[in-house]
Each structure stands twice: as structure tokens, then as C-alpha cells.
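S.K.: In case you want the letters, here they are:
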Amino acid sequence: MTQTQVNNPDKRMILVCCGTGCLANGSGPVYEAFCHALEGNDQFEVETFAKATGCNGLCEKGPLVKILPDDITYCHVKEEDVSEIVEQTLLKGELVNRLLYRDPATKQYYRSHHDTNFYKKQHKVALRNIGEIDPTAVQDYLDRDGYRALKKAVKTMTPGEVVEEVLKAGLRGRGGGGFPTGLKWKACASTDDPQRYVICNGDEGDPGAFMDRSILEGDPHTVIEGMIICAYAIGASAGYIYVRDEYDLAVKNLICAIEKAKKCGYLGKNILESDLSFDIEIVRGGGAFVCGEETALINSIQGNVGEPWDKYVFPTEKGLWGHPTVINNVETWANVPVIVNFGAEKFASIGTEGSKGTKVFSLVGKVVNTGLVEVPMGTTLREIIFDIGGGIQNGRKFKAVQTGGPSGGCIPENLLDLPVDFDNLSQAGSMMGSGGLIVMDDRTCMVEVARYYVNFLASESCGKCVPCREGISLLLEILTRICEGKGTMEDLDLLESMSSTIQQAALCALGRTAPNPVLSTLKYFRDEYLEHINNHRCPSGVCKDLTEFYIDPELCTGCGRCRRNCPADAITGEKKKTHVIEISKCIKCGECINNCKFQAVKVK
Amino acid sequence: MKVTIDGIEIEVETGKTILEAAREAGIDIPTLCYSEAFGGQGVCRMCMVEVKTGNRKRFVASCTYPITGEIEVQTKTPELEEIRRNIITLLYRRAPNSDLMKKLYQDYSCSEVKGVDPEESCIMCRLCVKACEKVGANAISTVLRGTEKRVSTPFDEESPECIGCSACADTCPTGAIRVVEEGGRREIWHKSFEMLRCEKCGGYYSTLPVREHVTEQLELDYADDSLCPNCRRKKLAKEVAEVR
Ligand SMILES: Cc1cc2nc3c(=O)[nH]c(=O)nc-3n(C[C@H](O)[C@H](O)[C@H](O)COP(=O)(O)O)c2cc1C
Ligand code: SF4
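From first to last, the protein sequence lines are chains A and B.
For the working numbering, count along the first sequence from 1 and bump the result up by 132.
Under the working numbering, the second sequence has 81 at position 85, and the numbering climbs by one with no breaks.
Read the hints as simulated data drawn from the structure, not as lab findings.
Beta carbons are placed, not taken as given, at the ideal position from N, Cα and C, and that holds for glycine.
Pulled a few chain A residues facing chain B out of the computed Cβ check, cut under 10 Å:
(1) L589
(2) S605
(3) L626
(4) L639
Build the full structure now, drawing on both the sequences and the hints.
M.R.: Printed below as a string of C-alpha cells:
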């Protein structure tokens, strides 16, 4: 909503992305090199300085360097490039073309990342500050409307009005369940118990997901501000941020942000001279996926085993230490200051009927542009995957997109025009989850995909209740059998019957959603199951026991690419002559099919 | 508060669980991890029932669902039957060596599955953990995650907390906890205890730590009494008779 840049013409800023992805690609030394080059350099017309920011989302092109107010974006910047950027761009005002973003499809160069397809369709609300500010500088946050919402709430609104505003905005929880945030706050505020708590869920256990991490690392103050506003609205005196154990940088930046917020008087006693007193403590996660489930998380904070309990009484009534507790996801918190600042109506003007605002997705898998994207609710899968994501890698065919994390479902090509929101995804047999989008191409076996996720869930089930602990284990046994060609039609019936029992009887949402990968693939890709069972054949050439590759002599040009790439030396053939796969040597790794430019390698 | 269970209207105190209310009304709901002594755990999910509030229908575990409003409950529907049959199937697959599960597997005409470990008889109902907790020893707990989850002492070693009372084994519905009593010693959970011997009948009963624990808990003093419960009762009866 606030797309404002710090476009101060008297200053020039070099924003070096130091999100986890860019850091891993070496942005640390790039930042150092800029600092070094700028320090004491008096050749610049305007004051010029460098900043380390959070993740910009386009991790694949990192390290990213942005220059403001010129609005220039450089990709894959290395330490060695820094002096050239200083000479060419900062001193002469010329672009370093080779470092500009190049569209993989059109091969066109873009001066600013804002003009690329990857960014054009995005709408940053939760991620509004990330990549634009130094997360360790509270002033940067303040310069971009930071803590203005808190001041507005505390000074001009009653707690009830704040709850109403969040309710009116239609904000739904971004952590998976999509429960209306305002309702949660209202329920908690209306309890008799005066001891209430606020929790931020930053456990983010979905493999491959990093939206919450980016927010915690890149804009910790927005989460803190959201929590303080809630504390004011519901009358809480203590808050906890539960952070996934591996997220060291997030913890570091949070500690720094909490300290600075205290110094500024936004945390502590009598916040902004009001009656509100509120403090935040950081708790490091227990390292289990299930600890992201809110009751397991509460158990974990209390020092108990991270197991969920039946939520027939909501945590808003009986949560942490038995007291009313509001627990929201990191991204949910990041939306709160925006709602209070700009009003519920403005917020609700984005999105669909039932899902307001935007959603951050981590777009990964076989898509050209992988990274973090934030789009209005209701954007179609096609727009996300093909316009923003740039389509499928290596010109292969799209097959399915898996949404919602490990217990989400797989959505097929004919539903690509589905506008993404909470309700549409559930109806399609998948879910929003925390916003994982894993794109799969035609080299993916859907039975194996189901087996893969079920295997993850089998080891992440907490093991408390029978349907989940034992049921997922049986699903895994059956799926493994099918992938090995030993499945039967009775197995399919048992898969379906057990799946429905797990959905209906498991204690927590981990179990209740665990059959999604099985049921959604059975729904949309049943023929693949049948091929495995009846014809002992894996049509995608993935399940090794059921795969045989051959080379189509009509299509083979004899280029030799497959022969050179085969790790088992199973392919023979002379140059420009048809090649042949020696079945006895073939280890079914699929290197040949992946490498053939003429689609000549086929699955029998 | 009025609730309807299987069409029967009953008056219930707020906060009672559906299971308690049903049992009081003489309606039986099957359970495997429930004991009145410990309350609902929500672990086995055999006691799932269908709850209707307004137009909303959902499945809940009756042992943990507290009644706080007017609801309509069904305890026996085809869907619930399927859930229970599947749960028995799963537990038989886990614990094929348990007589209880063998019997239930037959009774429920379950789908054919192969046991994972033919020697296994624990169904992870956790009643043993609850019993140990209640005794106040807290020697055993669940360890690990997912299908690996099991009940054990810390690090599978002998636990300093264990007093050898065998309350765990006595509560176990499948006889999965090994207790060996031989030559005046009781072995349980990797720990060996010298048993107390009744000075009257010579039979072995209980262990020394148990007697100490009970003495401490109840502030009783049976310092010089080394009788088994049976002989002690007889002795007491005789003493009372003499006083009269
Ligand atoms: C197995 C499991 C894992 C979960 N992991 C997370 C997580 O990592 N982060 C999160 O915010 N919510 C997670 N949730 C959802 C939480 O239980 C809870 O609904 C959420 O934190 C509420 O916040 P929200 O309303 O803002 O989404 C998980 C749920 C389940 C069942
Ligand atoms: S559904 Fe799975 S994760 Fe949730 S309580 Fe049951 S066993 Fe644990």
C-alpha cells in the first residue's frame, strides 16, 4: 500500500540485499566493499551511503543491489563489480548493462526491478519495507510510517475500535487456517480473565518456505508493532515471539529491534504515556514441524513436550498458562499496522470477497523465477506461475502446482485460472497453508509426489493420536507399494477409507490435512495410480522399478548429449546416428530424458 | 443444560465431557485410552462422536469435548463405525501381538493389514504414563515422534524415579509392559528391585521403595509391619475382634 521510496534527491542510497539467499551468494562482502568504497570518498555530488537490507524476493538473481533515487537494480553483483558500479553509475551516471535484470523470455534488459514481470504484478503490503530498509535501524522503519499506526491506535482509538477495524478489514490468518483475525482478538478481549497473552508464530516449518523468515529478518519492527497494537486492543501485558530454531539472523534482528523499540518507548511500561504496558520475549523453536501448531507451540513455550491438544476450547479462552491468548502468524502481524494506518476499507479494497488483502508466496520448483512474491488475493495461479514466475524451466510442460506446504494438495493444469484465495484452494482439495507454491513439470510422478509428502508427514507427526501416527504410516506403506509396482486395486480403497478416517478423527490439523497430498493426486491424477497398479508402468519415468527408457529413432539426431550425460555409460551410438539405451546397464536416473533437446528419449 | 445423545434428551452439568454424560446416561461409547481415574486424553480417538450445533456437523473426541451449550450428539453412525473399524485396523497393525487387538480386529471385521512388528503389543494408549504420574513417580513418559513414539524411561536406562510399583503394568490393557518376578526380585523398566516378603505367609509383595513412597505420601508409619496386604487385613480383623 505504501509504495513510497525514500526518494530524497539530496541523498543517494545503495541498498545491498542481505537476505539469507543473497548472503549465501556472497552479498556480505559486496556490502563491505560498497562501505569501503564510499567511506571518505568526496567525489560524489550528493551524500551517498550503503545499507544492508532484507530479502527482495528475487533470490535467484542475487546478490541484488538497488540504487536510489535513480531506481537502478543490479543482479548477481560480485565484490569485484563494486568499483565498476561506483565509477560508472555513481560518478558518471551510466548503467552497467551486464548487471541489469534480463528477462529470460524476451532477453530484454530492465533498468529497474520494478519494471520486470516478476515485480509488476506484485503488490507489497506485508513485505512493503523489506529490501527498502536496514532492519537494524529503527529510523528507517520510522521514515516509512513505522509506529504511526501504534500512535494512532493508542492516542485516537479505543481498544474496541481497533478490534473493529481489524474485523472490518477482513484480515484472515496467514499461518494456514485463515481464521478471521478480528474475531480471534474479539473473543480474547471478551473473556473475564484479565491476564492475556499475545504470541507471534514464527515457527515456519514448511520445507522450502521462507516468507516469515524474510519478514522477521527484513522488517522486524512491523511484527513488533502489530503485536503491540493487539496488546492494546485486547489488554495483554506480555508477548512472545516463537522463532524457528534455525533462524539465527531473524533472532538477532528481533533482539535488536525489541531493544530499540524499548528505547523509543514503544515497549515497556506506559507505552506512549498511556496505561498500556507490554513486553515481548523471544522463544526459540523446538525444531519440530508440529510445534508450529498453536497448541503444540504453547506447550513448547511452557516447557512441555510439543504436542497439540484438542481445541474444543480455543486458546483465545484458555491458551498460554491457561490464560486467554491471541496467536497470529508473522505475516498476519505484518498486515496489522497497515490496516490501522490506512483504514480497513483501503485494506479490504484489495483481494476477493472472502479473502482480503495480499498473500506472500514462496514460489519454488520447476519455475524460471523462484523467489518470494506478494500478490493480491484472487490472482490466478497462471499469473503467478507464468507471468511472475516466467513459466516452466527448460521449456518443459507444466504438470501441477503443489500449494499449502507438505499437507497441501496438487492442482492440475485445468485449474490454472483459479483465483487464489483461502476458499478456492480448499475447494480444489488443497489449501493456502502458509503460502508455499511448488511448481512441477511433466517429469514428475504424482504417486511419488504423494509418497514424498506423506513420508515427510509420517516423520513429523507428533505421534500422540492414533489416526495420524498409525494412519499416515499405513498410507506411506501403501504408496510405497504402489511406487514399487506391488499395489492392488484394494489398496486404492484402503487409501481412500483411511484418508477419510485421518481427516475426520485426527486430533490436530497436521493429521487432519495429511491425506491432502494423497486425495488430491487421486482426484486429479488417478490414471497415474492405475498405470502403476495395472500396467506396472510409471508414465513419468520416475519410479525406478516401473520405468524403462528408450530412444525414438525417428526423433534421435545422434547429437550424443544423452550419451555424454549418462552416468552409467548405458547409451551407445555413433555421432549423427540413432543412439540406443542398454537396458541392463540403465540405472533409470533420467539424465538422458532431462538432457535430450529433441524429446527423443521416451518412457516405455 | 440439555443435550441430546442418540435421540435421548439428558440434563448435563456444564463442563462435563460428552463421554461422561453419555456413560452416566447408560450410553456406551468405546474407548481405549480412557480411564475415569485420569480423565480424557484424546489419544486413541475411538470415542469420536458426531456433534451438531445449529446446522454445523462435526466429529469430536467425546472424552475431551466439554459440553458448554445445547448440542445434539450421535454416537453410532456408519461414518463413526468406519472410523472405529479403521482405528482398530491401525492399532492391530501396530500391535499384532496383543490379545486385545487380535480380538477387536476380528470383532470389527477389519480390512486386511500386515502387522509391522509381530512381537509388538503396545498400542500407545499412555495409560501407563498417566498411572505413573498419578502414583507420583513420573518415571516413564513418551519419547520420540511419529511412529517411533513409544513409552520409556529417560534414555532407556533405569530411572531413579521408578519405585517398582508396577502400577503401569497393572493399568496396561494389552500386557505390553514386562514385569518379571523371580527369586524375590521384581524386574521392570530395566530396573531390579528386592521384593518385600511377608513375615507371616512368606509370600512376596511390593518393593521397598514403594513402601517408603507410600509412607512418605500418606505420612503413615508401618515401620515394623512386614505383612502382605492379605495377612495385614487378617491381623487387623483379629485385633478388632479382640478389642470387642
Ligand atoms: C502442523 C501445523 C504446523 C503449523 N505451522 C505453522 C507455522 O509454522 N507458522 C504459523 O504461523 N502457523 C502454523 N500453523 C498454524 C497455527 O496452528 C495457527 O493456526 C496460526 O499460527 C494462527 O495464526 P494466524 O491466524 O495468523 O494464521 C501450523 C498448523 C499446523 C497444524
Ligand atoms: S494429528 Fe498427528 S500431529 Fe496432531 S496430535 Fe495427532 S499425532 Fe500429533
